[in-house]
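Trainee: In case you want the letters, here they are:
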Amino acid sequence: MLEVTGLTTKYGAISALRDASLSVGEGEVVGLIGPNGAGKTTLLGSIAGLLPIDSGSVSFEGTDITSAAPEKIVRSGLALVPEHRRIFADMNVEENLKIGGVTVTAGERAELLTEMADLFPVLRKKWDTAAGFLSGGEAQQLAIARALMSKPKVIMMDEPSLGLAPILVDLVFDLIETLRSQGRTILVVEQNATRMLKAADRAYVLRSGEVVASGSGAELLERSDLFDTFVGGGR
Amino acid sequence: MTELLQNLIDGLGRGSIYALLALGVAVVFGIMHMLNFAHGELITIPGYLTFWAFNNGWNWWTVVPLIVVSAVLSSLLIERIAFSRVRGATDFTMLLTSFGVHFIVAAGFLLYVSASVKTIPRPGWFANTVSVGSLNIEVFDLAVIAVTAVVLAGTTWLLQRTMFGLALRAAASDFDTARLMGVKSDSVIRGAFALSGFLAGIAGVFWIMREGQVTPTAGINPMLQGVLAVLIGGLGSLRGAVLGGLVLGLAEVLLRSWLPLGIQNLTTGFVFLMIALLFIFRPGGLLSVPQVERV
Chain F
5 MLEVTGLTTK
15 YGAISALRDA
25 SLSVGEGEVV
35 GLIGPNGAGK
45 TTLLGSIAGL
55 LPIDSGSVSF
65 EGTDITSAAP
75 EKIVRSGLAL
85 VPEHRRIFAD
95 MNVEENLKIG
105 GVTVTAGERA
115 ELLTEMADLF
125 PVLRKKWDTA
135 AGFLSGGEAQ
145 QLAIARALMS
155 KPKVIMMDEP
165 SLGLAPILVD
175 LVFDLIETLR
185 SQGRTILVVE
195 QNATRMLKAA
205 DRAYVLRSGE
215 VVASGSGAEL
225 LERSDLFDTF
235 VGGGR
Chain B
13 MTELLQNLID
23 GLGRGSIYAL
33 LALGVAVVFG
43 IMHMLNFAHG
53 ELITIPGYLT
63 FWAFNNGWNW
73 WTVVPLIVVS
83 AVLSSLLIER
93 IAFSRVRGAT
103 DFTMLLTSFG
113 VHFIVAAGFL
123 LYVSASVKTI
133 PRPGWFANTV
143 SVGSLNIEVF
153 DLAVIAVTAV
163 VLAGTTWLLQ
173 RTMFGLALRA
183 AASDFDTARL
193 MGVKSDSVIR
203 GAFALSGFLA
213 GIAGVFWIMR
223 EGQVTPTAGI
233 NPMLQGVLAV
243 LIGGLGSLRG
253 AVLGGLVLGL
263 AEVLLRSWLP
273 LGIQNLTTGF
283 VFLMIALLFI
293 FRPGGLLSVP
303 QVERV
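If you're matching them up, the sequences are chains F and B in order. So for the first sequence, my numbering puts the first residue at 5; every next one is plus one. So for the second sequence, my numbering puts the first residue at 13; every next one is plus one.
Honestly, I wouldn't trust all of these hints.
The calculated label-pair distances, taken between Cβ atoms and stated as ranges, are [stated by the list, open to error]:
no.: 1; chain 1: F; residue 1: S59; chain 2: B; residue 2: L107; range: 32 to 40 Å
no.: 2; chain 1: B; residue 1: S126; chain 2: F; residue 2: T67; range: 53 to 61 Å
no.: 3; chain 1: F; residue 1: D94; chain 2: B; residue 2: R222; range: 32 to 40 Å
no.: 4; chain 1: F; residue 1: A114; chain 2: B; residue 2: N140; range: 44 to 52 Å
Below are the DSBU-like pairs computed for lysine-lysine, each with C-alpha atoms no more than 30 Å apart in a straight line [claimed, not checked]:
no.: 5; chain 1: F; residue 1: K76; chain 2: B; residue 2: K196
no.: 6; chain 1: F; residue 1: K155; chain 2: B; residue 2: K196
no.: 7; chain 1: F; residue 1: K14; chain 2: B; residue 2: K196
no.: 8; chain 1: B; residue 1: K196; chain 2: F; residue 2: K130
no.: 9; chain 1: F; residue 1: K155; chain 2: F; residue 2: K130
no.: 10; chain 1: B; residue 1: K196; chain 2: F; residue 2: K157
Hints were generated in silico from the structure; no laboratory data involved. Here a beta-carbon is modelled for each residue, glycine too, at the ideal position from N, C-alpha and C.
Please build the complete structure, drawing on both the sequences and the hints.
Mentor: Below you can see the structure in the form of structure tokens.
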């Protein structure tokens with residue numbers, strides 16, 4: 005469904021991402037793990053059209069979307085929940101969700117709003133609250149709900165558990181499970197490697213901008229070398 | 013008491029025009045992070061069209077829509093020709109670009125129209141007043157205040173209740189993330205310039221009526237008042253821009269009436285002195301927007 009081939013992205017002279025390839029099939033939950041600075045966020049940003057790609061290609065459902073504008077990419081059905089959530093702090097919860105649904109018709113938007121209110125009871129309670137006043141966990145749910153408003157075929161999440169209390173990390177992984185059971189396709193970047201490998205069908209390990217290992221979650225969990233050398237702690 | 017009320021209404025009338033100008037500057041600043049020093053051209057260009065129209069038998073009923081429509085089109089055209097090319101450039105580049113647009117437009121009118129003052133007939137009711145008790149209120153002030161109130165209410169509705177308004181606010185708050193949601197950058201930027209032009213057009217109607225003339229550099233004063241009002245209100249805040257405009261108008265009128273006769277010519281100087289004091293105590297303006305890194 006999503007094919008990334010030989011992607012290289014540079015910040016100035018430094019390659020943040022070197023020749024990275026990955027694929028995500030329909031209905032799969034794919035994890036992307038690796039230490040800080042491995043290029044995980046760069047990879048998602050490059051796919052989503054936020055960062056200029058130096059070489060390589062991204063294709064989505066057979067269409068080349070390499071270096072397309074972010075608004076075009078999300079309109080093709082590939083949504084990103086960005087790092088640090090990036091919710092619109094001075095807009096309320098409903099407005100944040102509505103803007104997430106800027107790509108769909110008014111009728112669909114109204115239906116999706118109801119759907120999100122059901123899926124995220126926490127948000128329903130804070131419907132008219134300015135998003136800047138939400139707690140970290142609520143804000144993360146809003147960020148995910150906002151991405152779902154575009155009816156994405158694939159949803160990419162960048163560190164959804166970052167900075168959350170352990171109980172909220174559980175909630176995020178429960179949510180990923182819920183979305184999987186709805187048959188959604190998900191690509192998740194996580195620092196919490198063990199949790200991610202348990203939740204994912206397949207995963208890629210990124211280190212210093214390169215994909216150094218890939219396989220099913222169970223396979224990678226057995227690779228103690230990865231944990232010691234690349235991923236660090238988290239076991 | 014009567015004099016104070018009189019001054020307040022006078023100041024609100026003046027401030028309303030500034031508020032419309034400032035809001036237009038603030039809308040563009042929100043999206044582009046550019047202080048548009050060419051905002052006054054959205055009054056100069058319609059001003060010359062007004063002069064042309066009156067020489068061709070038009071009247072105020074037809075000139076008003078001409079001013080508003082030409083201000084919107086000028087705003088879009090300037091964006092297309094100049095500002096679209098410096099999107100994402102440094103603040104300084106955009107600032108210089110907007111100065112450049114101002115000088116080119118001014119030079120264009122100077123070279124190809126005339127350096128001399130072109131007069132525009134004021135509407136017949138311009139100097140009329142209505143008496144309320146002991147107050148003598150200018151119909152012009154009432155018209156400005158009423159129209160501004162309606163336009164501000166409409167703009168608020170647009171920003172709060174329509175998808176375009178939401179997209180504009182989202183893009184102003186975080187442009188990249190708004191694009192991630194599917195907000196089209198071209199549309200939202202053009203929309204911001206159209207709205208800015210519309211607001212300048214409404215302000216321009218009253219500005220041109222009040223001045224009764226147009227010159228190649230007619231845009232400087234409205235631009236300065238708009239930018240000043242934005243700074244007073246707090247850069248980045250739309251409400252602040254409106255508040256800044258009203259405060260600036262009131263300050264001008266009240267100072268003029270309070271200052272002793274001999275130094276009334278220094279009103280502008282005193283206004284700037286007050287602005288300097290404001291910035292010492294509130295560097296971000298009246299409704300400063302805190303720049304918090306959200307994690």
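Trainee: All the hints need checking, so say for each whether the structure fits it.
Mentor: Hint by hint, here is what the structure shows:
In this structure the supplied range 32 to 40 Å holds for F/S59 paired with B/L107, their Cβ-Cβ distance being about 35 Å. A beta carbon spacing of about 57 Å between B/S126 and F/T67 agrees with the range 53 to 61 Å that was offered as a hint. F/D94 and B/R222 have their C-beta atoms about 35 Å apart, which keeps the hinted 32 to 40 Å range intact. Under the hint 44 to 52 Å, the C-beta atoms of F/A114 and B/N140, about 50 Å apart, fit the expected range.
Restraint check for F/K76 and B/K196: the C-alpha separation of about 8 Å stays at or below 30 Å, so the hint holds. For the proposed pair F/K155 and B/K196, the alpha carbon gap of about 17 Å is at most 30 Å, so the pair holds. The suggested pairing of F/K14 with B/K196 holds, with an alpha-carbon distance near 25 Å, which does not exceed 30 Å. Note on B/K196 and F/K130: the hinted pairing holds, with a Cα-Cα distance of about 28 Å set against a maximum of 30 Å.
Proposed proximity of F/K155 and F/K130 is supported: the alpha carbons are some 22 Å apart, at most 30 Å. Our distance criterion of 30 Å between C-alpha atoms is met by B/K196 and F/K157, whose separation comes to about 20 Å.
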